[in-house]
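Visitor: Sequence lines, in order, name chains R and D.
Under my numbering, the residue at position 59 of the first sequence is numbered 59, and the numbers go up by one with no gaps.
Converting from the second sequence to my numbering requires adding 1000 to each position, the first position being numbered 1.
Hints were generated in silico from the structure; no laboratory data involved.
Treat the hints with care, since some could be wrong.
Said to hold, decoys possible - Dumping the calculated DMTMM-like pairs for lysine to aspartate or glutamate here, alpha-carbon to alpha-carbon at most 25 Å:
| no. | chain 1 | residue 1 | chain 2 | residue 2 |
| --- | --- | --- | --- | --- |
| 1 | R | K73 | D | D1091 |
| 2 | R | K170 | R | D255 |
| 3 | D | K1197 | R | D255 |
| 4 | R | K161 | D | D1167 |
| 5 | R | K238 | D | E1130 |
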Amino acid sequence: MEIIIKDLSYTYSKVNYQEKKVFNKLNLNIKENINCIIGINGCGKTTLLDLIAGELKSDAITIPKRVKIGYVKGEPLFVTDTVREELIYSMMEHNYKISEKRIIDVLLMVGIDDSLVDSKISSLSLSDKRLLSLATALIYNPNLILIDNFTEELDDFNKNKIIKLIKMLKTRFNKTFIIASNDLEFVHKVADEVFVISNKKVALKGNKYDIFKKEEQLKKYGLSVPNIIKFENLTLKKKNIRLGYRDEINDLIKDIYRHSY
Amino acid sequence: MSKNNKINIIPNSYTAILCSNNVDKIKLGNAIKNKNDLIITTNAKDNSEEFDKKIVNLLKINSLMLCDFNTLSIGERQMVQISKALSYNFDRLIVVDAISNVSTINKEKILKYLKKYNNKTIIYITSNKEDIVYFENFILYDNKVILNDKLSNVLDKEKEFKLAGFDLPFMPLLSLKLKYYNLLDRPIISMDRMVDKLWK
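Let the sequences and hints guide you as you build the complete structure.
Guide: In structure tokens:
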């Protein structure tokens, strides 16, 4: 699967919005990976997801016909009262055969206790609401999942649960993700590829290590880097010691130990 | 909130309350709110025309102040809201997840800017553990008060943080682990200082 975005220009019209040009000839090829989009507030991350999802229209985006899209938003809008009703609604909406087993399976997959299946959505915690919105997408088996502003306001336990889930869905079920986020610690832990949007275009793209080691360049785009990378970059800059780019703090500790004696 | 689970806020100080997702943070904010307190919550809408010019300039969001609020992204709305809130007179300000979607560099600017209110009480309720290092007092809350102390006294309380669903913030966690390997003797928050201490 490859999503091709060629010369995408997009301006919010004056009908509902004040005129605002968001993209100017943006080009991007998105492959089967966990892809993360970062950029300062208002750079167009959500707009890009809306365009890929087809909620906003553009001829500049080519998506293979067999691709089924699931779109998960950080501020989910639910249309029914209970967890079960919401999942049934999602299956019906996407012409998917209604199955009780599938409802329970998808709840267990995202880590919501199946005893909550008849609970009122309004009684769920914020993290369970977000997991439910992911479940409403997964239940009709999309192969491309778009996720917008999902982990901001979540504690570490729930954030780590979501990171594991996304990685499992990629490796075991071959799902492709495009995730827009301001949470760089989350992006660093989950991403394969990172795209930086700045000045209406894709300013940087590459694997997460290549992107995050460009700390000075990212600063120009109004972005910082995750703490673990910041520490590694600072050690190189101040002491000329190359620790390597690590995902986990325990690996960083081993590197520090190795370079201390 | 029960009486034996009272949150103790020191007047004229900066307090961070770190909450797990088992806690409805807006309810918690309202529970600790006194009559004349100013409270800002996530995605709140304030129709006032007034704003704090200094923070608007600092964040470089002058053009956003003229925009229709509904056309802004969540992070932009949050920056506009905090700029408007800071134009009010207040003795106690309660910030509930109100800058959660602001990108890191601007969030850091806001958290540092709040420190200029040295004769006011600032209470910052969040689920982002990295934000707490900007505050002097700290409360860890997971449907009950788990820790309530000076921040400097809690930065090695890994077990308590875990209990509430959190890791320690990056620098205290790194310090603790380095201490375990006898590479450091006490927590260091500043990255610069830690690098200098490790490789003199």
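Visitor: For each hint, tell me whether it holds in the structure or not.
Guide: Results for each hint:
Between R/K73 and D/D1091, the direct Cα distance comes to roughly 36 Å. Violation of the 25 Å bound is thereby established for this hinted pair. Our distance criterion of 25 Å between C-alpha atoms is broken by R/K170 and R/D255, whose separation comes to about 29 Å. Distance check on the hinted pair: D/K1197 and R/D255 sit about 16 Å apart at the alpha-carbon level, within 25 Å; holds. At roughly 13 Å between alpha-carbon atoms, R/K161 and D/D1167 fall within 25 Å of each other, so this suggested pair holds.
For the suggested pair R/K238 and D/E1130, the alpha carbons sit about 23 Å apart, so the restraint of at most 25 Å is met.
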